[in-house]
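J.: Residue numbers (the working numbering), protein chains in the order written: chain A, 1 to 133; chain B, 1 to 133; chain C, 1 to 133; chain D, 1 to 133; chain E, 1 to 133; chain F, 1 to 133.
Derived from the structure by calculation, the hints contain no laboratory data.
Keep in mind it's a predicted model, so treat the numbers as computed, not measured.
Mixed in with the good hints, there may be bad ones.
As the list claims (entries may be wrong) - Cross-link-like lysine to any residue pairs, in silico, SDA-like; alpha carbons within 20 Å at most:
#1 F:LYS12 <-> F:ASP58
#2 C:LYS121 <-> A:ALA38
#3 A:LYS128 <-> F:LEU32
#4 A:LYS34 <-> C:LYS34
#5 D:LYS12 <-> D:GLU78
#6 F:LYS34 <-> A:ASN126
#7 C:LYS34 <-> F:GLU94
#8 C:LYS121 <-> C:PRO55
Protein chains: 6
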Amino acid sequence: MTQDSKSERYKKGFAKLQEVHGKVGEDVLDDLRKTAPALADFIIEYPYGDIYSRPGLDVRSRQIATIAALTAMGNAHEELRVHIQAGINVGLSEEEIIEIIMQMSVYAGFPAAMNGIEAAKEAFENIKTKKNP
Amino acid sequence: MTQDSKSERYKKGFAKLQEVHGKVGEDVLDDLRKTAPALADFIIEYPYGDIYSRPGLDVRSRQIATIAALTAMGNAHEELRVHIQAGINVGLSEEEIIEIIMQMSVYAGFPAAMNGIEAAKEAFENIKTKKNP
Amino acid sequence: MTQDSKSERYKKGFAKLQEVHGKVGEDVLDDLRKTAPALADFIIEYPYGDIYSRPGLDVRSRQIATIAALTAMGNAHEELRVHIQAGINVGLSEEEIIEIIMQMSVYAGFPAAMNGIEAAKEAFENIKTKKNP
Amino acid sequence: MTQDSKSERYKKGFAKLQEVHGKVGEDVLDDLRKTAPALADFIIEYPYGDIYSRPGLDVRSRQIATIAALTAMGNAHEELRVHIQAGINVGLSEEEIIEIIMQMSVYAGFPAAMNGIEAAKEAFENIKTKKNP
Amino acid sequence: MTQDSKSERYKKGFAKLQEVHGKVGEDVLDDLRKTAPALADFIIEYPYGDIYSRPGLDVRSRQIATIAALTAMGNAHEELRVHIQAGINVGLSEEEIIEIIMQMSVYAGFPAAMNGIEAAKEAFENIKTKKNP
Amino acid sequence: MTQDSKSERYKKGFAKLQEVHGKVGEDVLDDLRKTAPALADFIIEYPYGDIYSRPGLDVRSRQIATIAALTAMGNAHEELRVHIQAGINVGLSEEEIIEIIMQMSVYAGFPAAMNGIEAAKEAFENIKTKKNP
């Protein structure tokens, strides 16, 4: 059986999702899928299949951009925490992540940065807990 | 005459401002200084003297974070344009900048990304005009 | 005793509040009234008495607009949940509400849409729990 | 020669773009394509091919949601104007559009609503100019 | 002939609008009235008739709150400029207004503050131009 | 031993932090310091040492501006609660704070104002609990 191109985007996106987020990404999408299965598919296909898989920017730089944006916008604490964990996965150090978030005090104000640091604290603890259960 | 620490922060910030923005940064601050001189000083001291000068994150990564945040927030078109020009100054390619902005469609929506691309177009044209007058 | 026009706006608004939200709307305002009674009155008078009662747009269309806006702004999770329950009250299907929220991924990004879906999940569960206790 | 599924999404999206926006949509994307061709393709494929083409919500309701969200967010005046023109295309009356925007005073404040009315004024004039040149 | 309460709110609001904004407020609303007459009425009745006319907070303090909020939100440059002019009308000094706006760098970031200073510059020039024509 | 100027800004900022927030401010920063010690220092130095300590605007007016901005932005519930408690510390009455927050319904919408009132309720309860344990 041949697979159509949608499946190609989906497969490419799913592989990228796992590379960036590990098991956490699947868990988030499995939860979303119960209420909005199409949105879970779209997230695999567009952000991960189309955008994150593009060759013009390395995944470490992409994760810097995402952590900065979610800290600055301040509308999605859980997603920020998940993307900070992903930042560690793709090679950012804890120190670099703290620097990205602190820098957002300049562009989005100190409360946004303080909330970003709280998300980082939670993300770093999540990683430690799973590594040393 | 010895200079006090405020002057140290200011001098460090001013050097960093020139490294990141070249002459453009001074022009923006000179205009601001006419109405709010203290804010112009604070911008040199805090964002550039305190934050951008920190060693924990390279300036290329800092500029990725800033371009992402300003595109996502969408509240400061001129500042975004100036920071895209700075992105070129610190070693980002036009392609990388386009990728950062396109990625913001995922986190802040397509209109924010489209407006970011417009700022990039203006920034790239500004650079070309000055190079080849 | 005749009632003045403020009472007319209030009465019209209170009837519209009940039409749109049922008992839930009163509960939210009763809680608000303990700290800011004037704001509770203003909410009945302006949003419900003045705006929602206008004839130029049907209440189903008004609820689409509100669910879209609150999902996109992402600053009021509880209010979004309450307005999703109201969407069901005024004739939107669960499927239509999910579509409205998913569409916000285009204009406000995927994290805003994901948080909107979470609010929808909570709203749908609230309705089921009360119907089948 | 058979076309692959990406072309199917693109073709479906392009047809929907024309249905919703007429010639205006293509003009906007042609301008975007000069700087970020991939983003122009993504806009045809995801918002129009994937989202607007879904059967679960009629296009009139989708346009209500978009006009509401862009008015409330207030970060994209041009896109709002283009989507108001599209609202007329898909069957909303000028009066209904004004009602949607006025309602946003409740959720996003009066300045956002006032700016939305300004975009509506421009959109209505654009339509009249082209109809009666 | 007795006037109904809507007229009372409207008259109270119109007097407050003139106190706060002088002739400028009427000009802004006259322009709005051409496209959305009901919204112009609502603005006189709710923000000025209901809110600004309340006794619990002096009008100078109210104007501080409005200038701060519009600077921080950054979505309404014209309205901010008009409210800065109103700040002068109700007794704030230019210096105090600059301080309010600079303080927003802390809560909303430096770009928002810089844009607020630009609005202040325009407002101060408008006032001077009209005083010394 | 002489202290350098950084210590001067820090000492001035720390004194201002205590004046505005009492013990609460230190508690918030002590928690932040565990993850991002530099950000805790920057908050003492810039917002409190540089901005709040400036003579051009009294601290009561500064607190009005901050409560208004945080209510309008709606991205930092905890910080808003802390700044409402600080508003009481610097001489605002509960009634004045409620008025500031209600006024934000005009500029940022009713959901933002309702969430602000919730933060005020929590702040007023915190103060009462500590006074009458």
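J.: Now look at each hint and say whether the structure bears it out.
T.: Hint check:
1. About 16 Å separates the Cα atoms of LYS12 of chain F and ASP58 of chain F, which keeps this hinted pair within 20 Å; it holds.
2. Between LYS121 of chain C and ALA38 of chain A the CA atoms are separated by roughly 15 Å; this keeps the pair inside 20 Å, and the hint holds.
3. Of the pairs offered as hints, the one joining LYS128 of chain A and LEU32 of chain F holds, with about 19 Å between alpha carbons and a cut-off of 20 Å not exceeded.
4. This hinted pair does not check out: LYS34 of chain A and LYS34 of chain C have alpha carbons roughly 38 Å apart, beyond 20 Å.
5. A hinted pair counts as satisfied when its Cα atoms are at most 20 Å apart, and LYS12 of chain D with GLU78 of chain D does not qualify at roughly 25 Å.
6. Using a Cα cut-off of 20 Å, the hinted pair LYS34 of chain F and ASN126 of chain A holds, with the two alpha carbons roughly 16 Å apart.
7. With a C-alpha separation of about 13 Å, the suggested pair LYS34 of chain C and GLU94 of chain F falls inside the 20 Å cut-off, and the hint holds.
8. Taken as a hint, the LYS121 of chain C and PRO55 of chain C pair is broken in the structure, with Cα atoms around 31 Å apart against an allowance of 20 Å.
In summary, the structure is inconsistent with hints 4, 5 and 8 from the numbered list given earlier, while agreeing with the others.
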